[in-house]
Every structure is written in structure tokens, then in C-alpha cells.
Amino acid sequence: MGSQTKDSQSSKPGATAAGARNIVEKIWDSHVVSQLDGHPAVFAIDLMLIHEVTSAQAFQTLDAKGLKAFDPRKLLATIDIASDQAKSLGNL
Numbered sequence: 094m095g096s097q098t099k100d101s102q103s104s105k106p107g108a109t110a111a112g113a114r115n116i117v118e119k120i121w122d123s124h125v126v127s128q129l130d131g132h133p134a135v136f137a138i139d140l141m142l143i144h145e146v147t148s149a150q151a152f153q154t155l156d157a158k159g160l161k162a163f164d165p166r167k168l169l170a171t172i173d174i175a176s177d178q179a180k181s182l183g184n185l
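Numbers 94 to 185, taken from the numbering used here, label the letters of the sequence shown in order.
Hints were generated in silico from the structure; no laboratory data involved.
Where is the CB? At the ideal position from N, CA and C, for every residue including glycine.
Just to be clear, a hint being listed does not mean it is correct.
[What the hints assert, rightly or not] Between beta-carbon pairs, the in silico distance windows are:
1) V125 x T171: 22 to 28 Å
2) L129 x L168: 27 to 33 Å
3) E118 x E145: 29 to 35 Å
4) A113 x D139: 20 to 26 Å
5) A113 x A157: 22 to 28 Å
6) A113 x K158: 39 to 45 Å
With these hints in hand, go ahead and build the complete structure from the sequences.
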């Protein structure tokens with residue numbers, strides 16, 4: 094076999110010798126802003142999904158620390174469809 098050269102794809106964890114990557118690796122690579130050896134990656138987040146049950150506490154913490162959501166246009170909130178349905182069924 095001849096000598097192998099490392100390209101940016103084949104040197105990534107999980108990449109095959111031919112450089113093929115799965116969808117998770119492709120998404121990961123397209124969102125990493127910075128990653129130092131031995132440290133967690135810093136990502137660019139396209140969209141943040143938030144849930145009504147836990148989001149109130151998160152926003153209270155941001156407010157208490159004097160912080161704001163970086164880009165509120167990139168937040169998508171969902172409601173909790175399981176909250177007190179049994180009680181409200183009689184009121185339909």
C-alpha cells in the first residue's frame with residue numbers, strides 16, 4: 094500500500110478511510126465554531142427548542158443574572174400537551 098495522507102475528513106473521529114461521514118458527523122462539523130484538544134466544542138446554534146414547563150425557570154435565571162437571550166428569533170417554544178388534560182376534558 095502507498096502512503097496515506099490525512100485530509101480534514103478522514104482525520105475526524107468516526108470517518109472512514111475514504112472520508113465518508115454519517116449525517117451526525119456532517120451536522121457536528123457544520124456547527125462547530127471552535128474546539129481545542131481535550132476541551133468541549135463550541136457550537137453555533139441555529140434554533141433552540143424550549144418547553145413551557147422548564148423554560149420559565151431558565152428565563153428567570155437569565156433575568157436574575159442580568160443576561161438576555163442572544164437571538165430571541167431563534168427560539169421555538171412548545172406547550173406541554175399533557176398538563177392537566179384530565180381536569181379540562183369535562184370543560185370541552
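Hint-by-hint comparison with the structure:
Look at V125 against T171: about 27 Å separates their beta carbons, and that is inside 22 to 28 Å. The hint said 27 to 33 Å for the Cβ distance between L129 and L168, and at roughly 29 Å that hint holds. For E118 and E145, the Cβ-Cβ distance of about 33 Å falls inside the hinted range of 29 to 35 Å, so the restraint holds. The hinted window of 20 to 26 Å between A113 and D139 holds, with their beta carbons roughly 24 Å apart.
Checked against the given bound of 22 to 28 Å, the beta carbons of A113 and A157, roughly 47 Å apart, lie outside it. About 44 Å separates the C-beta atoms of A113 and K158, a value consistent with the hinted range of 39 to 45 Å.
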